[in-house]
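A.B. asks: Dock chain B against chain A, hints included.
Chain by chain, the residues:
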Amino acid sequence: MSVGASDPVRTLYRTLLAYAAFAVVIFIAGAVEYAHFEPFHLNAGPHAKVVGVYSYDPASKTTKGQDRDTFSRGDQFAAVVDWSGLPDTITVEAAWFDSFENVVGRVGPGVPSALRDQTIVPAEVPEGLKYHLPGQYVFVVERLDNGRPVEVLGRRVVYVERT
Amino acid sequence: MLAALLAAAVVVVLVGNSLLDYVFLDTIPARATLYGLVAVALIALATYVAVRAADRDPATRRRHLIRAGVLLGLAAMLWLLISDLFVFAQSAGPVVAAVCALVCVPTTAFGLWIVRRIDRNEKEPWRLVLVAAAWGAVVATSLVIWAETFWGAIAINTLVPGPGLDASNAFSAGLFEELGKGAAVLLLFLVMRNEFDDVVDGIVYGAAVGLGFNFMETITYMTNLYAIFSPEGAGGVAAGFQWYARQVLGLFMGHATYTALVGAGIGIARQLPSPRHKVVAIIAGFLVAIAAHFSWDAWLTFFPIETSLFGLVEVHLRTIIMTGPFTAGVIVLLALGLRNESRALHDQLRQEAALGAGAVLPAEVEILAAPWRRFGERLRALDKGGLQAYVRLARLQTAQLDLAMERWHRERREIDTPLEAEQQLRNEILTLRQRAAF
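From first to last, the protein sequence lines stand for chains A and B. So for the first sequence, the working numbering puts the first residue at 139; every next one is plus one. So for the second sequence, the working numbering puts the first residue at 16; every next one is plus one.
Looking at chain A on its own, in the form it has when it is part of the complex (with noise of 0.2 Å):
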């Protein structure tokens, strides 16, 4: 028997088509959202110093130590940014992200002259919690078009341990 109009196998494989060309909506949508939060025209050039990241003191507000990739939960810890290289035609900010994605802590945004005084940026523990979260901290010197981030100037990423 072959699949003719009226096999019933037909319609499962014309459901499945439709269902297909959804899928194709969904794949539409996600490289639309992709391009507009990563839009590859918008490259401006400059690139913002990381310093380092560091041991941080709370009281005192200052950075100590060397500069290291990873820290353990009960760690302070802050990144040190040179804003002195970027030209104040374009407005930045720079932000933590913590392994959930979340931001715990942020300078900006504005002209870089305007944060040449905010050189240390540190990493807040989340709101209700007494440790950092364990996993990926990714710092970003990011360059914003009408508010929205647009490309990342810099970029360093430490670990914070399990322990």
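It is possible that part of the hints are untrue.
[As the list claims (entries may be wrong)] If we take Cβ atoms under 7 Å as the criterion, some of the chain B residues that face chain A in the derived model are:
| id | residue |
| --- | --- |
| 1 | Glu247 |
| 2 | Ala299 |
| 3 | Val303 |
| 4 | Ser310 |
| 5 | Ala313 |
| 6 | Leu315 |
[Unchecked claim] Covered, in the sense of this in silico footprint (three residues per stretch, anywhere, with C-beta under 8 Å from a C-beta of chain B), are these stretches of chain A:
| id | stretch |
| --- | --- |
| 7 | 259–273 |
| 8 | 283–291 |
Please keep in mind that the hints were generated in silico from the structure rather than gathered at the bench. Nothing here was measured: the structure is a model prediction, and the numbers come from that model. Using N, Cα and C, we set each Cβ at its ideal position, and we do this for glycine too.
C.D. replies: The following block gives chain B in isolation, referenced to the frame of chain A:
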């Protein structure tokens, strides 16, 4: 040949994954995937033994099934042990991991029982359903860990944190996880063609793989969140919420739905005559599954949950709104498939009865065509002749439905077994009928 190539590709990817993890990625539990190869080898061996059992006489079959069961059990335990030791044991502890695994067993077993029951005309063998679930739990998770971690490492170092990064990671999860899980359904289709009849069977095997994957993923999330929040005094609540979200609310609306869509595509391909249509159906099934998985991971953040009592309502609404339509899609395919199957079997039973060969009697046609009437007859047998009579009648009914299924596939030119096989089935039915007489 195709199955062997696919199996070889899976093994190569697994070995490559483990070696690359170990050499290059120090932020993931690399040692776990390397030592996990032993568990994967045990699963492969168990699969081989279980498949061999299908073609043996009852005495040796039982021995093979026990061996396969022991190997699967060893693999599952070893994998849990490895995960526990190298990923979470240091922070969550082995007791927490064991408790997490134990609380997931009843819900996953319930899910598998339901999934197998929905194939009301010809239930799939437990050994294949369990092998499918074990693949989802152990092999599929091993297949994807490196690819997803590597993709994530590149994305986090190149993309702007936010929805764009979420979309990228969601695509990675949808693509790799559905390919890893779908490979199991595809292998079952290629190796066990005689146990893979149509779209209904595809949905059953796909959902079983998804439930297995969900089992392992739930344990991972529960132990992980317990380890994260126990210093804050909320480890039990965090793990309990994960259990509810994944093992109750998301038991069917999640991985089971996604992989059932892959299975539906393969099941529909099983009954299409043209190779081109078969390929299109299989690709379509994968596409829908990947899209469904992608949409959940990418757009989850668009449905934030409040930290109030209303948040409990929102959690349910979010799952129903985001995954419900895909689950409904699977149900539509399942309903259509069951209707086709029932009509075809009814027709074949009628034709077989008209032959007068004695395998199916005219009076049995309407009973065999209706699951509840079949069950009613078995209950009558139980009442008259006890449990033995019930079991014998169940075997007779199963064999009669197997014959009808064989006839259906032959009429559609979907099998190449000789006609003698059909006659052999009739002879077996006549023997079973004699045993079932009460």
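A.B. asks: Hints first: check each against the structure and report whether it holds.
C.D. replies: Results of checking the hints against the structure:
1. Glu247: At 5 Å from the nearest chain A Cβ, B:Glu247 passes the 7 Å test, so the hint holds.
2. Ala299: holds, 4 Å
3. Val303: holds, 5 Å
4. Ser310: Where the cut-off is 7 Å and the nearest Cβ of chain A is about 5 Å from B:Ser310, the hint holds.
5. Ala313: holds, 6 Å
6. Leu315: Result: violated, 11 Å to nearest chain A Cβ.
7. 259–273: It holds, with 6 qualifying residues against the three required.
8. 283–291: Since 4 is at least three, the answer is holds.
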